[in-house]
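K.L.:
One-letter residues, chain by chain:
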Amino acid sequence: MGGLTLNYLIRRIFVFFLTILIASTVIFIIPRLAPGDPIQSMIARISEQAGYVENSDKIIAGWREKFGLNDPFHIQYFRYLKNLVVFDFGVSLANFPVSVGTIIKRSLPWTIGLMTISLALYFIIGNLFGALLSWRKTPFFAKGLIASSMIFTSLPAILAALMLVYLFAFNYDVFPLTGSFERGLEQEWSWDFISSVLYHGFLPALSIVLVSFGYFAIGMRGMMVTIEGDDYMIFGQAKGLKPFYLLLRYQVRNALLPQMTALALSLGVIVSGQVLVEAVFSYRGLGSVILQAILDLDYTVIQGTSFILIMITALAVLFIDLLYPLIDPRISLSR
Amino acid sequence: MLGSKFDNPWFNFRLISGALIIGFIVFGSLLGRFAWNPELSVTTSSPLNLPPYGFVNLRKQEGVLEHPLGTDNSGRDMLAVLIVGTPRTLSIGLIAAGAGMLIGGLLGFSSGFIGGRWDDFVRVFADSTITIPALAVLIVIQSLFRVDIYTMAVLIALFSWPGPTRYIRAQVLTMRESGYVKMARISGVPTFDIMFKEMMPNLIPYLVASFIGNTAGAILFAIGLQVLGLGSTRLPTLGITIYYAIESAALLRGMWWWWGLPTLVLAVIFIGLLLVNLGLDEVCNPRLRKAD
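Protein chains in written order, with the working numbering: chain E, 1 to 335; chain P, 1 to 292.
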């Protein structure tokens, strides 16, 4: 079992829970530090939209009672944590009485699907391009092409999404403007449905991949350049190993390990970008749910969806971390 | 580029071009205030839906020189919006990155230098925070309280310290074992002097690099929140402008200048920041320099 030791396992799982604890604590505390009462400002906002809310005093008092806002701070906090642990986010305010859980369950597969596919794409493309950029045998024009394709790197994904929508969906009408499959299609494992999903998912995935792969390409190039000067590379060359074999087995294999760490570290930012991309494309994932909830002032949905996003990101990071010692037999991380 | 005798790592192409781009944007938007009337960024100050000069909108109206970059559908002059909005967007990034850097610098430096329990604590805390998709947390907070851009910057800073912390800690750990620091320690130089007089100067490129990276990250989050409609809508920023454009279906109405120009300015900012960072990478890592 490579170097996956109990100690490492416990440490990673501890970090996983700590991540979620920190995020949910910040969500809990900051609104309570701010001046004013969240429910009062909620009512103010709703009445801003709906004109006048009758008996708002009573509603406020009722909600304060219902949500237990009159209880001491620490009791509120533990009740809040307990609800998160059992995934009880209450009911949607805008689509009463649908529970927040139901809404999330509907859109979660779309978000996870888009996340997984684009992750595989930008990680593979990024590392490949980065390796090719530093390889001596890569033709000059290919290096130029790769370098210029990296102009989108670090751009917010939402800006890339806007440009792609304008170019390919509005101006040239090659790809659909919104949605994640053809309207009216049955959601089943049929060729029609799957191809429609791929067709609709192309632009959202592309906008995430375009802005993310360069990050890994730059990291890969840096690692490759560093490794190139190492003694075992020179020894490999002296042994007369084929350049391509040397590239893959000696250089890329070793450079890939820090790249895994980089992937885990950057996932939070990339997932944040995906939320916005989904919102732009009205993709059926959690991003669109959040956008709609913001428009509807649907606080329970906003809170529940955000928590699930934090959760799946943390899970993905945990997964990558657990993969790491299996890939790198040198590191047993058993300290 | 220059003769090897004058090979100063700070004079590399990426760093200089990136700095020039950023400088151009900053000075352009600051000086623009004097060259163009910022009052035109207020609603109903100009005619509606005009295209940039030399273009025609869907209603066959031609752009006029009084509004060279066109206007939006509430009568804001786009040039004025860009001039007023760009510094605001940049300042969110700078404040958040500055605050994040300060925390990150202190934590990273101290945990690398002191080590032990404190190091364990800082490392686990940073590792846990860095993977949080900050946007999700910020969305929840902002949906309850619509805060002004400076409060927003401080909230973003809550999530921008782990990057610098990790980065600086790693550098300090390497440096601590290097010859000159050991030498200083043996010679009985006080710890405080070792930290700030011996090590700090060598850390500067790393500090600047992580500051730049953080600025980009903070702008990214601010833009994200604003495009979702979660920023203060009182004063225009680039993100809020894009939000208005999307809200009013500017994409479908062919008003590319409305969403496209702020997007372009943002893209240029991000490319500039990336170039600066790549340039600093070359300063830090001599092997990268030889690779070109």
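Heads up, a few of these hints could be off.
Computed from the model, here is a short list of chain E residues facing chain P with C-beta under 10 Å [unchecked claim]:
| hint | residue |
| --- | --- |
| 1 | L9 |
| 2 | R11 |
| 3 | V225 |
| 4 | L276 |
Worth flagging that the hints you see were computed from the coordinates, not collected in a lab. Please read all numbers here as calculations on a predicted model, not as lab measurements. Built from N, CA and C at the ideal position, the CB exists for glycine as well.
K.L.:
Taking 10 Å as the limit, does the beta-carbon of R11(E) come near enough to a beta-carbon in chain P?
P.N.:
Holds, because the Cβ-Cβ distance from R11(E) to chain P comes to roughly 8 Å (cut-off 10 Å).
K.L.:
Regarding the hint that L9(E) lies at the interface with chain P, is the smallest CB-CB distance below 10 Å?
P.N.:
violated (15 Å)
K.L.:
Once the shortest beta carbon distance from L276(E) to chain P is found, is it less than 10 Å?
P.N.:
Check passed: Cβ of L276(E) comes within 5 Å of chain P, closer than 10 Å.
K.L.:
Let me know if the C-beta of V225(E) comes in closer than 10 Å to any C-beta of chain P, holds or violated.
P.N.:
Cβ of V225(E) sits 5 Å from chain P, so the hint holds.
Going down the numbered hints, you'll see the structure goes against just number 1.
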